[in-house]
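Colleague: These are the residues of each chain, in order.
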Amino acid sequence: MMEKILEVKDLNVSFNTYAGEVQAVRGVSFDLKQKECLAIVGESGSGKSVTAKAIIKLIHDPGVIKKGSSIKYLGEELANKNFDQMRKIRGSEISMIFQDALTSLNPTKKVGHQVAQSLIIHQKMGKREAFDKAVEMLRFVKIPNPERRANQYPHEFSGGMRQRAMIAMALVNKPNILIADEPTTALDVTIQAQIIDLLKDMQEELNTAIVMITHDLGVVAGSADRIAVMYGGMIVEQGPKKEIFYRPKHPYTWALLNSVPRLNTKSKETLYSIKGTPPDLIQPPLGCPFAPRCEFRLNICNEKMPTAYPIIEGHDAKCWLLDERAPKVKVFERLEV
Amino acid sequence: MSKLIEVKNLKKHFKVGRNLYLKAVDDVSFYINKGETLGLVGESGCGKTTCGRTILNLYDPTGGEVLYHGRNIYDFARNEMKSYRKDCQIIFQDPYSSLNPRMTVETIIAEGLRVHNMMNTKDARSKVHELLEMVGLNREHANRFPHEFSGGQRQRIGIARSLAVDPKFIVCDEPISALDVSIQAQIVNLLIKLQSELDLTYLFIAHDLSMVKHISDRVGVMYLGSIVEIAKCDELYSKPQHPYTKALLSAVPIPDPEVEENRKRIMLQGDVPSPINVPKGCKFSGRCTIAKDKCFEEVPVLREVDKDHFVSCFIDQ
Numbered sequence: 001m002m003e004k005i006l007e008v009k010d011l012n013v014s015f016n017t018y019a020g021e022v023q024a025v026r027g028v029s030f031d032l033k034q035k036e037c038l039a040i041v042g043e044s045g046s047g048k049s050v051t052a053k054a055i056i057k058l059i060h061d062p063g064v065i066k067k068g069s070s071i072k073y074l075g076e077e078l079a080n081k082n083f084d085q086m087r088k089i090r091g092s093e094i095s096m097i098f099q100d101a102l103t104s105l106n107p108t109k110k111v112g113h114q115v116a117q118s119l120i121i122h123q124k125m126g127k128r129e130a131f132d133k134a135v136e137m138l139r140f141v142k143i144p145n146p147e148r149r150a151n152q153y154p155h156e157f158s159g160g161m162r163q164r165a166m167i168a169m170a171l172v173n174k175p176n177i178l179i180a181d182e183p184t185t186a187l188d189v190t191i192q193a194q195i196i197d198l199l200k201d202m203q204e205e206l207n208t209a210i211v212m213i214t215h216d217l218g219v220v221a222g223s224a225d226r227i228a229v230m231y232g233g234m235i236v237e238q239g240p241k242k243e244i245f246y247r248p249k250h251p252y253t254w255a256l257l258n259s260v261p262r263l264n265t266k267s268k269e270t271l272y273s274i275k276g277t278p279p280d281l282i283q284p285p286l287g288c289p290f291a292p293r294c295e296f297r298l299n300i301c302n303e304k305m306p307t308a309y310p311i312i313e314g315h316d317a318k319c320w321l322l323d324e325r326a327p328k329v330k331v332f333e334r335l336e337v
Numbered sequence: 338m339s340k341l342i343e344v345k346n347l348k349k350h351f352k353v354g355r356n357l358y359l360k361a362v363d364d365v366s367f368y369i370n371k372g373e374t375l376g377l378v379g380e381s382g383c384g385k386t387t388c389g390r391t392i393l394n395l396y397d398p399t400g401g402e403v404l405y406h407g408r409n410i411y412d413f414a415r416n417e418m419k420s421y422r423k424d425c426q427i428i429f430q431d432p433y434s435s436l437n438p439r440m441t442v443e444t445i446i447a448e449g450l451r452v453h454n455m456m457n458t459k460d461a462r463s464k465v466h467e468l469l470e471m472v473g474l475n476r477e478h479a480n481r482f483p484h485e486f487s488g489g490q491r492q493r494i495g496i497a498r499s500l501a502v503d504p505k506f507i508v509c510d511e512p513i514s515a516l517d518v519s520i521q522a523q524i525v526n527l528l529i530k531l532q533s534e535l536d537l538t539y540l541f542i543a544h545d546l547s548m549v550k551h552i553s554d555r556v557g558v559m560y561l562g563s564i565v566e567i568a569k570c571d572e573l574y575s576k577p578q579h580p581y582t583k584a585l586l587s588a589v590p591i592p593d594p595e596v597e598e599n600r601k602r603i604m605l606q607g608d609v610p611s612p613i614n615v616p617k618g619c620k621f622s623g624r625c626t627i628a629k630d631k632c633f634e635e636v637p638v639l640r641e642v643d644k645d646h647f648v649s650c651f652i653d654q
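So the protein lines, in turn, are chains A and B.
Take the first sequence: its position 143, counted from the start at 1, is 143 in the working numbering, and no numbers get skipped.
Count along the second sequence from 1, then add 337; that gives the number in the working numbering.
Isolated chain A, as found in the complex:
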């Protein structure tokens, strides 16, 4: 069994807004093992990005990580670290890359300097040495002509190149964990394939564990080891990749898998679609957040949130249908393509 490097337990994040308290993340727990790629999948507003940001405490006012949340990195509790202590960890132990590389890079600084900055801060390297190392790193992420590119500004880079530069910046200190928040969403398919390949190579060579946030099940199928499915601020199901894809137990996971057309489905057949819209997290439903849209809901679903039912080692789902007292439904018969 590989060592756990990150343990998140009962994470709760809320945002205090005029309209009320938005409970964006409600009791999320997961672990990350060494060299593993965990994908967090969900729709917009499901709390996946907030979860990722909470790991390195990038939650700003009006957002708060609530008391009782625990984020353990190599046995160390991050939840009660202060700002300065967190700065030492961000960028050197745990790094993050974002969806939109253009707005995440500083437009007024040369790309090489931006990559070097992380080395100067965390490794106390000299400017010249750090810049040379930055050029090496740009070469490592397969940016052609890195000497020239390091002296250019972000606007001179294309979308794919910017994302590579950001990956270089995140990985230059060889962090243990890389959090990738929708790293390929803004990119075209051919570039997306390049970036996913690059992330896989980096994971191999630098032994980095990755938390990948995405809504694209195709990206997940190729790159993840384990998957956590989020809905309404909760992880409703998590497990190894193949378990989730071939033996999903939660109706939401199942619906999500069925609502995307594949290259091998018949054309113009009606796609399975989930009726309705995701819940409002200002007054989240008492019971299961998916219940109002679920085809198989029971009376209890609206009243009480089920606990996680273990299915096999490492695979669990939060659904009342898995209770032994629940009626047996064939939830997954339509999954066959």
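You can take every hint at face value.
Sample of chain A residues facing chain B (criterion: CB under 7 Å; computed from the structure):
no., residue
1, Ser44
2, Ser158
3, Gly160
4, Asp188
5, Leu217
6, Gly218
7, Ala221
8, Gly222
9, Phe245
10, Val260
11, Pro261
12, Leu263
13, Thr270
14, Ser273
15, Ile274
The list that follows gives simulated cross-link-like pairs (lysine to aspartate or glutamate, EDC-like), each with its CA atoms no further than 20 Å apart:
no., chain 1, residue 1, chain 2, residue 2
16, A, Lys241, B, Glu595
17, A, Lys35, B, Glu598
18, A, Lys33, A, Glu3
FYI, nobody ran anything at the bench for these hints, they're computed from the structure.
Cβ atoms here follow ideal geometry from the backbone N, Cα and C, with glycine treated the same way.
Here the structure of chain A is known, so what remains is to put chain B in place on it, guided by the hints.
Modeller: Below, chain B alone, put in the same frame as chain A:
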């Protein structure tokens, strides 16, 4: 089947500097049969949206012609143009910026009816109610404002607006790419249902190849302002000919881990070149894995390799 729209050598160049032109659409020809869906795919910046808008005369073309029922729309007189605009509608990509925030849903949907003097206010109101129900909303929604709706619902309003004037042809310009996965399926199902009920013809522009396959009868692949391959949907996806189409298809992630593990990818090197300085010869030559000397010199033309299957490449020649 008769051709509803026929595009011939359409060009749209934008002037971006002194003697500098961005060739967004460069000599594109295709046709759309009545009642079918033509999918148009390609990476961002390849000119698919510009192409759709030029067909609707939202942009003045630089050259070429678009035949509607056999007549060139750019020669239309003013009143003919107005009726063309009624027949041909568009659904925009971004449901957040394409609805006027100061207008109620009813005014938005009925605007076309008013502009074309199609019916009086009372009839228009009942028509709006009918349209709202047709796209899966309630008649109570008519008096609300766009900000009260979610992305999927706004897109439904956009669809209702385009249907108000009884169009024959709709350009769907990436209608689902701003939406969540579960909502995408709802909208695509709606578009397919409306097509069969109202006998519509679609030009479906998207970059999601699996969704395009799902909805289209024929698919055209664009690269840097040109169509590189156009064929029947099944044929294009099962027997792609152009190296760009092959690479594009192999890059699409498939939501199935076993398929994904055993796949061989054709990795394209580099990025799409700038459409201002297009490479000499075949536009794809710089990224092509099988490019020969000829490809860097001569421009390939679209030729028929199989029935209704057109490719612009020198392979097998």
